[in-house]
Amino acid sequence: MALFTRTVRAPLEYSKSLWMRGWVTMVMLFLYIPLFVLMAFSFNDSKRNVVWRGFTTKYYGVAWENDQLWNAMMNSLTIAFFATIFSLVIGSMAAVMLWRFRFPLKSAVDGTMSLPIIVPEICLGVAFLVFFSTVGWPTGLGWPFNLGAIIIAHVTFCFPFVTMVVRARLATFNREQEEAAKDLGAGEWQAFRDVLIPHIKPALVSGALLAFTLSLDDFVITFFTSTPGTDTFPVLVYSLVKRGVTPDVNAASTILILFTVLLTAIALKLQGAKALASTHS
Amino acid sequence: MDIKTLLDNAANRRSLLKGMGVAAVGLTFTGALAGCGEKAGKKLANGEEGALNLYNWDDYMGETTLEDFKGASGVDVKMDLFENNDTLFAKFRAGNPGYDLIVPSNDFVERMVQANMLEKLDKAQIPNWKNVAPEFQDVPYDKGREYSAPYTWLALGIGYRKSKVNPAPDSWKVLLDSDQYKGRIAVLSEAGDMFRLYAKYMGKSVNAITPADIKTIEAMMIKQKPNIAKFHDDDGQDLLAKGEVDLVLEYNGDIAQLAAEDDDVAFVIPKEGSQLNSDNLCIPKGAKHPKNAHAFINFILDAENGKKLTETIKYPTPNAAAKALMPDSYKTNPITYPPADLLAKCEYAKFNAELQPLFEEAFTRVKAA
Amino acid sequence: MAEQDWKQQKRPFAAVATVPLFWTLIFFLIPMGFVWFYSFGRNVGLTEIDIVGTLDNYKRATEWLYLGIFLKSLAVAALVTLICLIVGFPVAMAITFASEKWRPWLLLGIMLPFWTNLLIRTYALMIVMGQQGYANSGLGALWNGASWLKTLVGLQPLSTWEPLPLLYNNFAVVVGLVYVHLPFMVLPLYSALDRLDKSLIEASLDLGAGHLKTLFKVVVPLAAPGIIAGVMITLIPALGAYLTPDLMGGTDSQMIANVIERQFKRANDWPFGAALSFLLIYVMFALIAMQGLRKKTGEVR
Chain A
1 MALFTRTVRA
11 PLEYSKSLWM
21 RGWVTMVMLF
31 LYIPLFVLMA
41 FSFNDSKRNV
51 VWRGFTTKYY
61 GVAWENDQLW
71 NAMMNSLTIA
81 FFATIFSLVI
91 GSMAAVMLWR
101 FRFPLKSAVD
111 GTMSLPIIVP
121 EICLGVAFLV
131 FFSTVGWPTG
141 LGWPFNLGAI
151 IIAHVTFCFP
161 FVTMVVRARL
171 ATFNREQEEA
181 AKDLGAGEWQ
191 AFRDVLIPHI
201 KPALVSGALL
211 AFTLSLDDFV
221 ITFFTSTPGT
231 DTFPVLVYSL
241 VKRGVTPDVN
251 AASTILILFT
261 VLLTAIALKL
271 QGAKALASTH
281 S
Chain B
1 MDIKTLLDNA
11 ANRRSLLKGM
21 GVAAVGLTFT
31 GALAGCGEKA
41 GKKLANGEEG
51 ALNLYNWDDY
61 MGETTLEDFK
71 GASGVDVKMD
81 LFENNDTLFA
91 KFRAGNPGYD
101 LIVPSNDFVE
111 RMVQANMLEK
121 LDKAQIPNWK
131 NVAPEFQDVP
141 YDKGREYSAP
151 YTWLALGIGY
161 RKSKVNPAPD
171 SWKVLLDSDQ
181 YKGRIAVLSE
191 AGDMFRLYAK
201 YMGKSVNAIT
211 PADIKTIEAM
221 MIKQKPNIAK
231 FHDDDGQDLL
241 AKGEVDLVLE
251 YNGDIAQLAA
261 EDDDVAFVIP
271 KEGSQLNSDN
281 LCIPKGAKHP
291 KNAHAFINFI
301 LDAENGKKLT
311 ETIKYPTPNA
321 AAKALMPDSY
331 KTNPITYPPA
341 DLLAKCEYAK
351 FNAELQPLFE
361 EAFTRVKAA
Chain C
1 MAEQDWKQQK
11 RPFAAVATVP
21 LFWTLIFFLI
31 PMGFVWFYSF
41 GRNVGLTEID
51 IVGTLDNYKR
61 ATEWLYLGIF
71 LKSLAVAALV
81 TLICLIVGFP
91 VAMAITFASE
101 KWRPWLLLGI
111 MLPFWTNLLI
121 RTYALMIVMG
131 QQGYANSGLG
141 ALWNGASWLK
151 TLVGLQPLST
161 WEPLPLLYNN
171 FAVVVGLVYV
181 HLPFMVLPLY
191 SALDRLDKSL
201 IEASLDLGAG
211 HLKTLFKVVV
221 PLAAPGIIAG
231 VMITLIPALG
241 AYLTPDLMGG
251 TDSQMIANVI
261 ERQFKRANDW
271 PFGAALSFLL
281 IYVMFALIAM
291 QGLRKKTGEV
301 R
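Protein chains in written order, with my numbering: chain A, 1 to 281; chain B, 1 to 369; chain C, 1 to 301.
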């Protein structure tokens with residue numbers, strides 16, 4: 001296998017050393033074996049995910065017929081969609097505000113806005129439970145309005161991440177470009193739209209991806225803010241993990257994993273792996 | 001001015017929070033949302049739209065029950081699941097999040113009545129009430145059955161894998177006070193249930209526990225902890241099925257469901273006696289579809305529908321008419337209906353507001369030990 | 001770049017500031033404020049909380065029992081972070097120095113799990129680590145192989161293989177947390193290493209320092225900001241972890257988030273849960289302040 005053949009290496013080619021390759025291989029196996037086993041078990045002809053009993057695709061049919069699963073998926077995707085859009089708008093506004101202006105209590109505002117990142121999910125979840133019930137948030141609304149409370153909660157913890165990513169990108173913006181545009185007669189809004197937005201576009205893409213994943217991933221906060229009929233996919237999987245998962249959930253998970261692969265591939269295509277990775281630091 | 005004086009000065013402290021919240025709402029688009037979100041669904045003959053929000057335990061509904069009910073009444077039932085009474089209580093504590101029908105256990109019926117969370121039932125809307133077995137017509141935890149309709153009853157016991165556990169256990173000792181099956185045991189993570197069962201093991205009533213007993217039991221639990229693999233959230237049957245453990249503390253119906261698929265599984269109520277529970281259909285305050293909820297209760301108490309439900313969930317049923325229709329294999333199933341001499345030693349637990357926090361803190365200490 | 005004073009640019013400032021500020025106030029500060037007020041409250045009956053300004057909840061939260069749980073959570077989070085660092089650093093190095101052809105694939109390999117649903121990943125790990133899962137059957141096969149080898153050379157065979165209890169204990173919690181958080185560690189490490197001036201490493205090697213010496217004397221100090229970022233980004237969520245100990249833990253694996261959750265559900269003691277929540281938040285503040293302090297001293301140097 002080419003991966004393990006030892007070639008003459010230059011001093012910096014650490015990746016060619018055998019132990020380094022072995023290490024990376026082990027880490028990748030550690031990360032991926034469970035996922036592959038999970039996907040494999042979606043083809044297992046047994047109700048309990050313990051022993052391999054033969055190949056079948058019937059659980060994809062079962063998953064397709066499972067209304068609970070469909071509802072949960074639809075809820076998750078709808079929430080993630082709206083939460084992403086709101087987070088993008090609010091997060092970029094906050095980033096521009098913190099980047100461009102000097103105002104009283106700025107460091108306090110800055111700190112407060114990044115607080116949702118560090119406040120433990122459980123505290124935020126409880127806070128929303130108390131908040132929505134105290135203000136008498138309307139319940140029993142039709143879909144998708146019944147998801148409103150969850151979307152609000154998700155925006156609260158997603159938009160600071162967008163702010164973080166967009167701010168990092170704004171730091172590389174050359175203000176002279178904006179000045180030039182204004183000198184050429186562009187108004188404040190026009191300069192914003194035609195100069196600033198294109199510059200931060202890569203950050204918007206990775207911010208959107210980040211917000212989307214975070215929203216799709218969230219269990220604790222959703223769990224506390226859910227009302228009748230708003231269970232999301234993680235909430236459903238949680239209750240199933242607690243009491244025996246059927247293979248149709250593996251099937252749905254497999255589809256979600258493939259969907260993730262697709263999303264990541266699109267993101268890579270749009271902006272390259274390095275840029276995407278740097279948004280996480 | 002420190003926090004305390006600030007707060008003391010506020011005439012009504014709860015209204016302070018409320019005021020903050022209402023101010024917040026005024027600033028948002030709640031009103032707009034509420035206005036356009038309300039669906040003007042089709043009305044049924046009883047004047048309600050055809051919807052019912054049910055909050056139920058998992059594995060606790062007949063395979064076709066919800067469809068049958070829709071066929072019979074036109075009501076579309078949305079069912080969400082909770083995993084324990086405390087989750088249910090926590091969800092309702094801050095106000096009804098929108099459910100019409102819930103399934104609390106006996107002690108939580110008591111607790112929710114005390115907390116003013118339940119609506120009184122209108123028996124006139126439940127003609128099938130006559131099908132309820134005599135011993136469930138009136139119960140100590142809900143005098144006169146004002147708030148609750150019986151759904152099932154259940155008994156805690158030991159579920160075990162016959163090929164791994166020999167001889168068959170007949171005492172709580174194997175679970176609670178022995179290293180014979182070290183690492184092969186799972187017990188409930190419900191603090192109250194655990195303390196009450198230890199009381200049973202020590203020969204006391206589940207309702208006669210004193211703070212001194214809690215100390216004793218705590219020490220016993222800490223001693224037993226190394227032998228226990230997991231405190232489970234009522235998913236013991238899955239742990240048993242997957243082979244993670246060989247003995248579990250579980251409810252009879254859960255084990256009966258598993259035993260129907262797996263011959264190697266058995267269930268016993270120990271000779272010291274055990275704790276009984278009864279789950280109930282209740283209508284929470286603020287339910288938007290109380291008439292549909294009554295109709296659903298009536299539907300469940302019907303003989304034929306009750307039978308279909310029981311066929312799936314395999315729990316003992318308080319619906320006498322439904323039980324009469326069940327085959328002998330169910331009526332004589334020793335897991336579902338344990339022997340009468342053992343049942344005679346079992347008790348229902350009363351809700352005890354003073355002891356509950358003591359149970360919880362002691363259990364936290366056990367886990368941290 | 002010079003920041004503008006908001007007074008000179010009132011309209012643009014209002015355009016970008018209004019929504020984020022109001023959102024933060026209404027949907028973050030006020031809800032958190034409720035919890036904060038509750039932490040000074042007292043239970044009255046089953047559902048009422050009277051905010052009396054008592055400090056009893058904090059007194060109880062700082063009792064040895066709960067402090068112990070805090071310390072344990074910190075220890076677990078620190079251990080997880082350390083393992084992630086040890087495991088992740090070589091991976092980040094490998095990605096940095098990989099060929100152009102391989103790098104995007106390695107990065108993708110690390111990122112994909114990050115994008116995959118947390119519950120799906122945890123559940124997947126639970127399948128593998130179960131009593132009858134593949135980790136156990138793999139070890140069992142190894143054991144039997146070793147046993148067979150021993151009989152070949154005429155020794156006593158090993159005793160029969162007993163499946164290891166991999167799941168439902170502290171070991172499982174640590175493995176689960178490492179599994180979940182490893183990508184969080186690798187990505188910031190990579191972006192720090194990637195920015196590093198490679199000629200410095202070459203110089204160090206040319207001047208006769210060994211690879212290990214170069215690593216610890218040159219690479220690590222230069223990559224320090226990335227290492228700190230990676231440590232924080234792993235430590236903080238690991239400290240507040242709820243799902244992993246809940247699903248994969250055993251009888252003594254409760255972490256502080258589980259205890260908090262219990263107060264809000266099982267124990268029905270919201271004021272106490274609120275106090276524990278805020279203590280946890282303060283601990284996180286302290287951690288972040290420590291990081292800030294390090295940064296400052298670093299700048300001074």
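Treat the hints with care, as some may be off.
Within a straight-line C-alpha distance of at most 27 Å, the following computed DSSO-like cross-link-like pairs (lysine-lysine) qualify [stated by the list, open to error]:
{"#": "1", "chain 1": "B", "residue 1": "K225", "chain 2": "A", "residue 2": "K242"}
{"#": "2", "chain 1": "A", "residue 1": "K242", "chain 2": "B", "residue 2": "K130"}
{"#": "3", "chain 1": "C", "residue 1": "K101", "chain 2": "A", "residue 2": "K106"}
{"#": "4", "chain 1": "A", "residue 1": "K106", "chain 2": "A", "residue 2": "K242"}
To list a few chain C residues with every Cβ distance to chain B over 10 Å, as calculated [unchecked claim]:
{"#": "5", "residue": "V87"}
{"#": "6", "residue": "L167"}
{"#": "7", "residue": "Q254"}
{"#": "8", "residue": "D269"}
In short, the hints are calculated from the structure, not lab data. Cβ coordinates follow ideal geometry from the N, Cα and C atoms, glycine included.
Going through the hints against the structure:
1. K225/B <-> K242/A: holds, 21 Å
2. K242/A <-> K130/B: Measuring from Cα to Cα gives roughly 37 Å; hence the hint is violated.
3. K101/C <-> K106/A: violated, 44 Å
4. K106/A <-> K242/A: violated, 45 Å
5. V87: holds, 27 Å
6. L167: For L167/C, whose nearest Cβ neighbour in chain B is about 7 Å away, the distance does not exceed 10 Å, so it is violated.
7. Q254: violated, 5 Å
8. D269: violated, 6 Å
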